[in-house]
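K.L.:
Chain by chain, the residues run as shown.
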Amino acid sequence: SQQGEEDPQALSIQEGENATMNCSYKTSINNLQWYRQNSGRGLVHLILIRSNEREKHSGRLRVTLDTSKKSSSLLITASRAADTASYFCATDFTGTASKLTFGTGTRLQVTL
Amino acid sequence: NAGVTQTPKFQVLKTGQSMTLQCAQDMNHEYMSWYRQDPGMGLRLIHYSVGAGITDQGEVPNGYNVSRSTTEDFPLRLLSAAPSQTSVYFCASRRYILTGYTFGSGTRLTVV
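Which chain is which? The protein sequence lines are X and D, in order.
All residue numbers for the first sequence refer to the working numbering, where the first residue is 436 and numbers rise by one.
All residue numbers for the second sequence refer to the working numbering, where the first residue is 9 and numbers rise by one.
Read the hints as simulated data drawn from the structure, not as lab findings.
C-beta: ideal position from N, C-alpha, C; glycine also.
Heads up, a few of these hints could be off.
So the derived list for chain X, only partly shown, Cβ under 7 Å to chain D, looks like this [as the list claims (entries may be wrong)]:
1) 443
2) 473
3) 477
4) 480
5) 539
6) 540
Using 20 Å as the maximum straight-line C-alpha spacing, the simulated EDC-like pairs for lysine to aspartate or glutamate come out as follows [unchecked claim]:
7) X/534 / D/81
8) X/504 / D/64
9) X/534 / D/67
10) X/534 / D/64
Simulated DEER-style distance windows between Cβ atoms [stated by the list, open to error]:
11) X/450 / D/13: 31 to 39 Å
12) X/475 / D/78: 23 to 31 Å
13) X/475 / D/103: 21 to 29 Å
14) D/88 / X/452: 47 to 55 Å
15) X/547 / D/78: 41 to 49 Å
16) X/516 / D/104: 29 to 37 Å
17) D/30 / X/473: 19 to 27 Å
18) D/65 / X/461: 38 to 46 Å
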């Protein structure tokens, strides 16, 4: 399977702290995306980073991509209780004609 | 409202029954995909389409059929339901490869 893997599987932090999630993948990519899923809901697209980009920001989100290590990280700064959710990375692998492949996710719990 | 609409939201089937999960989007998106989500497995791609009349298999296509006769609709057919198909099914669409997917709210299917 080409599925990416997130690390850690679960993360518990207090409100105001930063949360970092990592994603590793196995083959060359066109782009990598991060999604959030609140319990029982559909996924929401957060950010997309292209294979020729190294860092991207969106509000309190910062994503990095290291294609030499085949890894990405998602940093959420100043976490809020509303950030409690599962976070998934997804990859568009080179030459797979739009087959977006998801990792297994990181469950983030932000407590007051 | 613009978005991806999935019906039904919940369904219980008996083993051997067939049914169609409906998916419609009104955003004129070319790319559409079906995923299933099982606990601890992340999202796995069942079938996908890069435009009307074009479909292809994903990671777990066995037991499922799709068709894409229009840009808007991408139904998923279960041919003969099995307990192993108990899952939450998500439909998603996007306009271009370098954009994120918009997800539907999911169909929770139980096969008894």
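K.L.:
Please go over all the hints and tell whether each is borne out by the structure.
P.N.:
Against the structure, the hints come out as follows:
{"no.": "1", "hint": "443", "result": "violated, 14 Å"}
{"no.": "2", "hint": "473", "result": "violated, 11 Å"}
{"no.": "3", "hint": "477", "result": "holds, 4 Å"}
{"no.": "4", "hint": "480", "result": "holds, 3 Å"}
{"no.": "5", "hint": "539", "result": "holds, 4 Å"}
{"no.": "6", "hint": "540", "result": "holds, 6 Å"}
{"no.": "7", "hint": "X/534 / D/81", "result": "holds, 18 Å"}
{"no.": "8", "hint": "X/504 / D/64", "result": "violated, 30 Å"}
{"no.": "9", "hint": "X/534 / D/67", "result": "holds, 9 Å"}
{"no.": "10", "hint": "X/534 / D/64", "result": "holds, 9 Å"}
{"no.": "11", "hint": "X/450 / D/13: 31 to 39 Å", "result": "holds, 35 Å"}
{"no.": "12", "hint": "X/475 / D/78: 23 to 31 Å", "result": "holds, 30 Å"}
{"no.": "13", "hint": "X/475 / D/103: 21 to 29 Å", "result": "holds, 27 Å"}
{"no.": "14", "hint": "D/88 / X/452: 47 to 55 Å", "result": "holds, 49 Å"}
{"no.": "15", "hint": "X/547 / D/78: 41 to 49 Å", "result": "holds, 48 Å"}
{"no.": "16", "hint": "X/516 / D/104: 29 to 37 Å", "result": "holds, 34 Å"}
{"no.": "17", "hint": "D/30 / X/473: 19 to 27 Å", "result": "holds, 23 Å"}
{"no.": "18", "hint": "D/65 / X/461: 38 to 46 Å", "result": "violated, 20 Å"}
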